[in-house]
Every structure is written in structure tokens, then in C-alpha cells.
Amino acid sequence: AMTRRSRGSGVIQMVTKGLMALLLQVNSERIVSLTEATFAETLRQSQKALVAFVTPWCMACRLLMPELEKAADALARDKSMLVAQCDVSTETRLAQIYSAWRTPLVMFFPDTQVLLPGLQAIFTGQLQHASLVAFTAGPWPLKVHSRAELQEAVQDNGRAGTFVGFFRSPQHAGPLQELWPLDCLRRHSRAYAFARWGNQSKNESEKELWRWAGLEFGSEALRIKEVQQGQMLKQEIKYSDPEPEEAIVYVRSDD
1105 AMTRRSRGSG VIQMVTKGLM ALLLQVNSER IVSLTEATFA ETLRQSQKAL VAFVTPWCMA
1165 CRLLMPELEK AADALARDKS MLVAQCDVST ETRLAQIYSA WRTPLVMFFP DTQVLLPGLQ
1225 AIFTGQLQHA SLVAFTAGPW PLKVHSRAEL QEAVQDNGRA GTFVGFFRSP QHAGPLQELW
1285 PLDCLRRHSR AYAFARWGNQ SKNESEKELW RWAGLEFGSE ALRIKEVQQG QMLKQEIKYS
1345 DPEPEEAIVY VRSDD
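Residue numbering for the sequence shown follows this note's numbering, beginning at 1105 and increasing consecutively.
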């Protein structure tokens, strides 16, 4: 009886070790691993980044890893590009920020200086390296600094119009930031602009862009088109702050 019990215990240990080995395969030594402590600093060492949010128990995540390595090899010539992975089973704060509750989640950061959630592109295709490489070519939300850049972005997308998110800075999100990733916006071309870029003061082109959208600096009244349940609503909102906080507007190609 003792021999059978010992054998049974040995089998369980072998199975456990095998399962642990499989779980550990989700991490690739060839792909940069991100933690909450290193996330911002590592991403900002490059200009753009392809990040896979994974968990150890996810079979699809393990299948993704060799494809992500091939994608990294194909993108190696682009020195401005980072390919990275993040285990959200341990980095739960990052999972919360980027809504990475279902894995794998592959996200492209077209501008690593902008880490606010919602201003990235989410991969929805087959988990193959060719698809991942093609995904990095766009389209994704464009950052615009002037009315001329916005006009060019709207005309180039070949659609009826573009949703534009106007936000105060790339470091601080407001209530409308939660609406930005909604499906009704994802299905359309998107662009975004900041009233303040980093710690720099507002330049004339950025002020002109906000003024053109009906967001007057120095006025207590803020005209805003708010996206709610897929419908465009226009309403007057008053702020105690004399400068507009944020807005989402729809710009038609013939505007």
C-alpha cells in the first residue's frame, strides 16, 4: 500500500512539474517583459510598441509567443519599434488600466509618449506573425496638432468622417476618456489632440484647433458633442475652470 501511495505521489509530482513547465512557456526570453514599475520607462525608450498582455494558464497565449518572436524578428529593422509582453496575472494594475481581462490581448502603441488607455489600437485578427506585422502599419488613432493635420487625416481615411478626442494632456484622463474606446468609436476613423502636450505650453496651432472645434479658451461655456450609446448628442456644459477639459467631436470629411 505504501509503495502504491509513493508511486501515486511521484506521478502527481511529475504531472505538476509538467504543468508548471507548460505554464512557464508563456514567457519568451527573446521578448522584453514589462512590469508596472518598468512599463512607462521601457515603452518610452522607443517611439512605438507592440505589447502582448498574457497569462500563464492561457493556451492561446502560449501559441502566440512563437508568432510574437517571428514578428519581433520581422520588425527588428525598425529601431523605433518595441515588441514586448506583460504577464497580467501578476501585473494586475496594468490589466486594470488597459482592460486586459481576457488574454491574449495584443495592443499597439503608435506613440509611446501617450500611455492613456483608449489611445491605442487593439489587434483583432489571427494570431500569426504576418498579421501582427501588418497590424503595426495601422490604421490607428492619429495625434494631430493643427487644423491642417486634422483636415489631412480626415480626407486620407476615405470615410465620411472622423471622431476626434480633445484631451487636456497625455497624462490626465477625464470622464470622456472612458467613452473613447467604445465600439461605436472603434468602428470609425479616430484622431486625438491635446490642449497641452507634456509640460510644454500650448502653441498657436493647438489653440486654433480647439477653437475651431468650438472649444474656446478663456470661456466658461464649453460646447461639446458627447458620444453616448452610439449616438451623437450636443449639449452645453459649464466648467468652473475657464479652459475646456475634453471633448469628443465628429468631423465630417466635407467640414
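None of these hints come from the bench; they were simulated from the model.
Just so you know, not all the hints are guaranteed correct.
[Claimed, not checked] Label pairs and their in silico Cβ distance ranges:
1) S1184 x R1263: 47 to 53 Å
2) R1181 x I1201: 27 to 33 Å
3) S1273 x S1235: 44 to 50 Å
4) K1174 x Y1354: 17 to 23 Å
5) A1264 x A1144: 32 to 38 Å
6) H1292 x Q1151: 23 to 29 Å
[To be verified] Subject to a maximum C-alpha distance of 20 Å in a straight line, what follows is the list of computed SDA-like cross-link-like pairs (lysine to any residue):
7) K1152 x H1249
8) K1311 x Q1275
9) K1247 x A1199
All residues carry an ideal CB built from backbone N, CA and C; glycine is no exception.
message: Check the hint pairing K1247 with A1199 against an upper bound of 20 Å on the C-alpha distance.
response: violated (24 Å)
task: Using the Cβ atoms, figure out if R1181 sits within 27 to 33 Å of I1201.
output: holds (30 Å)
message: Given a hint of 47 to 53 Å, does the C-beta separation of S1184 and R1263 actually sit inside it?
response: violated (27 Å)
task: Go ahead and decide if the range 44 to 50 Å is satisfied by the Cβ distance of S1273 to S1235.
output: violated (34 Å)
message: Is 23 to 29 Å respected by the C-beta to C-beta distance linking H1292 and Q1151?
response: holds (25 Å)
query: Hey, K1152 versus H1249, does the alpha-carbon distance stay inside 20 Å?
result: holds (18 Å)
message: Does the beta carbon distance between K1174 and Y1354 stay inside 17 to 23 Å, or does it fall outside?
response: For K1174 and Y1354 the Cβ distance comes to about 39 Å; the hint is violated.
- prompt: Can the suggested window of 32 to 38 Å be confirmed for the beta-carbon pair A1264 and A1144?
  reply: Check passed, 36 Å falls within 32 to 38 Å.
- prompt: Between K1311 and Q1275, is the straight-line Cα distance small enough, at 20 Å or below?
  reply: Holds - the C-alpha atoms of Q1275 and K1311 are around 19 Å apart, at most 20 Å.
Hint compliance for this structure: hints 1, 3, 4 and 9 are broken, all remaining hints hold.
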